[in-house]
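Residues per chain are reported as follows:
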Amino acid sequence: MSLNIKQLSIIYRDGSHSIQALEEVSLTLVPGECLALVGESGSGKTTLGNACMGLLPSNALMEGKISLNGRRIDNLDESALNEIRWNRIAMVFQNGAANLNPAYRIVDQVAEPLIQRGLLSRRDANAKACEALEQMGVFDEHHYFYPHQLSGGQIQRVLLAMAMILEPEVIILDEPTSSLDPLSKIFISDVIIRLKSNKMSVILITHDLEIAVSLAESVSILYLGQIMEILPAKDLLSKPLHPYTLALGRSYPTMTTARDLGGIKGDAFYRLVHQHGRLDQEKYKHTHIQVAGSSHKNGHAPPAGCLFQKRCAQAIDRCLTEPLTLENIDGHQVRCLRQGIASLLKLNGVSKKYNELIALHPTDLSLKCGEIFCLVGETGSGKTTLAMIAAGMLKPESGKRTFDGRDMDKWARQEYQSLARRIGVIYQNPAESISPRFSVLEAVAEPLKIHNKDNTTKEVYERVSEILAKVRLSTDHSFLERYPHELNMGAIQRVCMARALILNPSLLVADEPTSSLDPSVQAKVLKLILDLQIELGLSVLFITHNIGLARKIGDRIGVMLAGCLVEVGPASMVLSSPIHPYTRLLIDSVSGKAGSSLKPISNVVGGKGCPFASRCPRPKDICLEKKPEIMEINHCRVRCHFPLY
Amino acid sequence: MTNNSTHFSSRRLGLVITFGLTALAMLYLSYSLPRLLPGDFVTAMYASSQVTLTAEQEAELRAYYTEEPGFCSYLLRLFTLDWGYSYAFLTPVSVLFLEALPWTMLLLGAAHIISMSLGFITGVEASWRHGSRIEKGMVGGMTFLEGIPEISTGIILLLLFALNLQWFPAVGAETAYAEVSLLTRLADIGLHLTLPLATLVLAYLPGNFLLTRNSMIMVIREPFVTTARAKGLPALRIRYSHAARNALLPLVTRFGLRLAFMITGVLVVERIHSYPGLGTLLFNAIQARDLPVIQAVVLISSLMVLTIILILEMLYRIIDPRIDYVR
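Line by line, the protein sequences are chains Y and P. Numbering follows the working numbering, in which position 425 of the first sequence is assigned residue number 414; successive positions increment by one, without gaps. Numbering follows the working numbering, in which position 192 of the second sequence is assigned residue number 1279; successive positions increment by one, without gaps.
Derived by calculation from the structure, the hints in this document are not laboratory data. Treat the hints with care, since some could be wrong.
Just a sample of chain P residues kept apart from chain Y, beta carbon distances all over 12 Å, derived [claimed, not checked]: (1) F1255; (2) F1311; (3) G1319; (4) L1336; (5) T1340; (6) S1389; (7) M1391.
Selected chain Y positions facing chain P (in silico; Cβ < 8 Å) [to be verified]: (8) G59; (9) N76; (10) N84; (11) E101; (12) Y135.
Yeah, the Cβ is synthetic: ideal placement off N, Cα and C, and Gly gets one too.
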């Protein structure tokens, strides 16, 4: 190993309060490998880089060890540090041009370390610097320019050339690509690949997730100075385990994700440490840490538990209090009480039969916290049946249901109310799902009255106004007094949504919630659902026949056909490269490419073979004989004998 | 590239033309302004004397002394070093001027060099120790010094070192009528120079110090200083080549501004210490309404200031290459 960081904690003292920049960060860097540090601004990424260079300001208190090839480098004096700086560890700082002295020509600045260390004469050093610049793609005529005469991309190359002039073992790149165009980015990543092949270790500080995926071997996710997750880079976008990693991925625009960017609710805050002074592990560990938002004095209660808890979609009460450590889960190291992203709902082999009609073949479905799952499929494919089973409104013939870690059937039998409170349902036909004799106020307040009996009228009124405002409805007294027949369809739909959300459920089952809306209202409602997902951490089971809609809103998509889930996978994958021919057909039909000779599908008991066989463009014998089993291809689960891939 | 360089040189040409026009305006002012002074040589000369002039004589004298040469012939004479005769000293003005100039140059030059370099170095070092007790003490002390006018420092120094302790001579630039070897003469000049020089240095130093420190404090926060540290460069190189180099500009500007007060600045100090420089010459000339001397001193010193400012303007571009890009 080349660079080893062990239990590194850094506190910045600032007058009477101190800010915790890093807490017990341990990382190991192997020669020829790239480690990416990812996190929002203020998460301590740059502090970590500066600590490795011995460049922390004088108000920083440091604890822990940093060693380079087994030798400690965190406690060296200035002259010993100068031996290491640039020679062994070099850094490309962020903000480009500001890192170059405006008064000197770039070649002089690149050559400077060589000359000042007495390694080469001025002339040889300049020649070597020119060569280094040339290698980085800075051409002859620019070598004698001043920094202000170069563009941002060229500056980045100059900085890289400067960092590599002494051929260090470790190179720290702080946001090397953040201000670059895609083509310059490719150049920089080529350079990093070259560095790696030269057995240099690279620490890549970035918020560009795709760069991290393509260049790094492993990724450390930092949040407020704590490592939240260490994961193999290839899993960063496709298989994150920590909710924060997931949320970062959701906020990052890629060419593959079609849904709107989510963002993360709330803001990162400073971590204040009260009672500055010694870095006494026992003393400052959690008990004196104060988390503050904008004002220093009115900090929130000290979170003994998870730092991300306030912004997390799946936080439970215990997250606030129980201390956490990094745990090994599935090859990732995750700091999460709930062992990573939790499943909210799990259906195992649930099925439903109405007399002779099989509405649902045994089906597995799982829904994670804060996830939007879209069920698409044509009429009669069993979407609503599956949704009602998921909502606990319909009892499945067979199979097992788990909600938030508890057996749903048992829960429903014992105390149905507490289960029902967790699940909000929007029914398919909004106008019919509200009693015509209830005013808006009564309709929306009804769940509140059932579940919280001791609310005063005023509290109920306030809560109803609040939730109506959230779904962008009027909170006028006159509006609250109206009856369903006085409202238009869009308003009724949103009243239904308000009713479903008034108890702050964790799961929203929405059966075609926008099918009767005009496009502008539909867009608003969808935006609302996305906002609520971010704000409340809501999980949504969204049923629609509109695959374009699913594309805009879903994290994952499940395609249903004749009571079977034939394809399940991340929305982007299912839609861009469908594996099941039926999915292909659905997509084609939306884009107007499908033929018109479609036969109906039979759901009758005893039907053998693949339900899609009759319509499949290329059925084989086996398709008529045998029902296909579930196959796992490329993050997707698919039920087809001859998948398209 | 070629395009750029012609662009620069044309800009430089514009600069020179601007300065030339300014110089011309100054020439005209120097020609016309002294004539607007109230009173004249004749009044100043004979007002206090026992001689009583008849009205006729007075008119004749006045006509002689207020002769109008015309601007063109004034210019012509200026360039041939024919600056007229001093009314009061009865010597050519150029002689008087050239006698006084070296003393002022010596005093002013030494004062500026010492106060600039001392102020710069102390400023850089203080800012490097930003927040320490030493720095705070220095800032306090310098601010205090800045508040004392040079007339007070001059008199205090004179009282203390010339009158009480008698370490230094109180008047003149050298001991008169002493036939001595060069070395002794130099030592003598140095001895005479010490007090006025110290007064001027004490007057200029605090400003230079405070300015350097303030601009350094801004510069040492710049990322490129951190980069220099990261590169493992020697401490002095970081401090001076990287940080201080970029903090130099305000100091140079201040130097240029200070020059504008060149003559008036030394006037007070030269008067206190009776130093035979341009300031003293100007003071005496004004008292005597000695028009040719006033004209020459004011004009030549202002032209010198203008030239130095022009040089500084060119120097800026070397100190900070970005200036060429500012439009």
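Hint-by-hint comparison with the structure:
Every beta carbon of chain Y lies more than 12 Å from that of P/F1255, the smallest distance being close to 42 Å; the non-interface claim holds. Under the 12 Å C-beta cut-off, the non-interface status given to P/F1311 relative to chain Y is violated; the minimum distance is some 5 Å. Taking the minimum C-beta to C-beta distance to chain Y, about 4 Å, the non-interface status of P/G1319 is violated against the 12 Å cut. Consistency note on P/L1336: stated as away from chain Y, yet its beta-carbon is not over 12 Å from all of that chain's, at 10 Å minimum.
Interface exclusion of P/T1340 from chain Y stands, the closest Cβ pair being 16 Å apart, more than 12 Å. No Cβ of chain Y approaches the Cβ of P/S1389 within 12 Å, the least distance being about 32 Å, so the stated non-interface status holds. The non-interface label for P/M1391 is consistent with chain Y: the shortest C-beta to C-beta separation is roughly 29 Å, beyond 12 Å. With a least beta-carbon distance of about 21 Å to chain P, the hint placing Y/G59 at the interface is violated under the 8 Å criterion.
With 8 Å as the threshold, the beta carbon of Y/N76 comes within range of chain P, its nearest partner Cβ sitting at about 6 Å, so the hint holds. At its closest, the beta carbon of Y/N84 sits 6 Å from a beta carbon of chain P; the interface hint therefore holds under the 8 Å criterion. Hint status for Y/E101 relative to chain P: holds, with the closest Cβ pair at about 7 Å, below 8 Å. The beta carbon of Y/Y135 is positioned within 8 Å of a beta carbon in chain P (closest approach about 4 Å), and the interface hint is therefore held.
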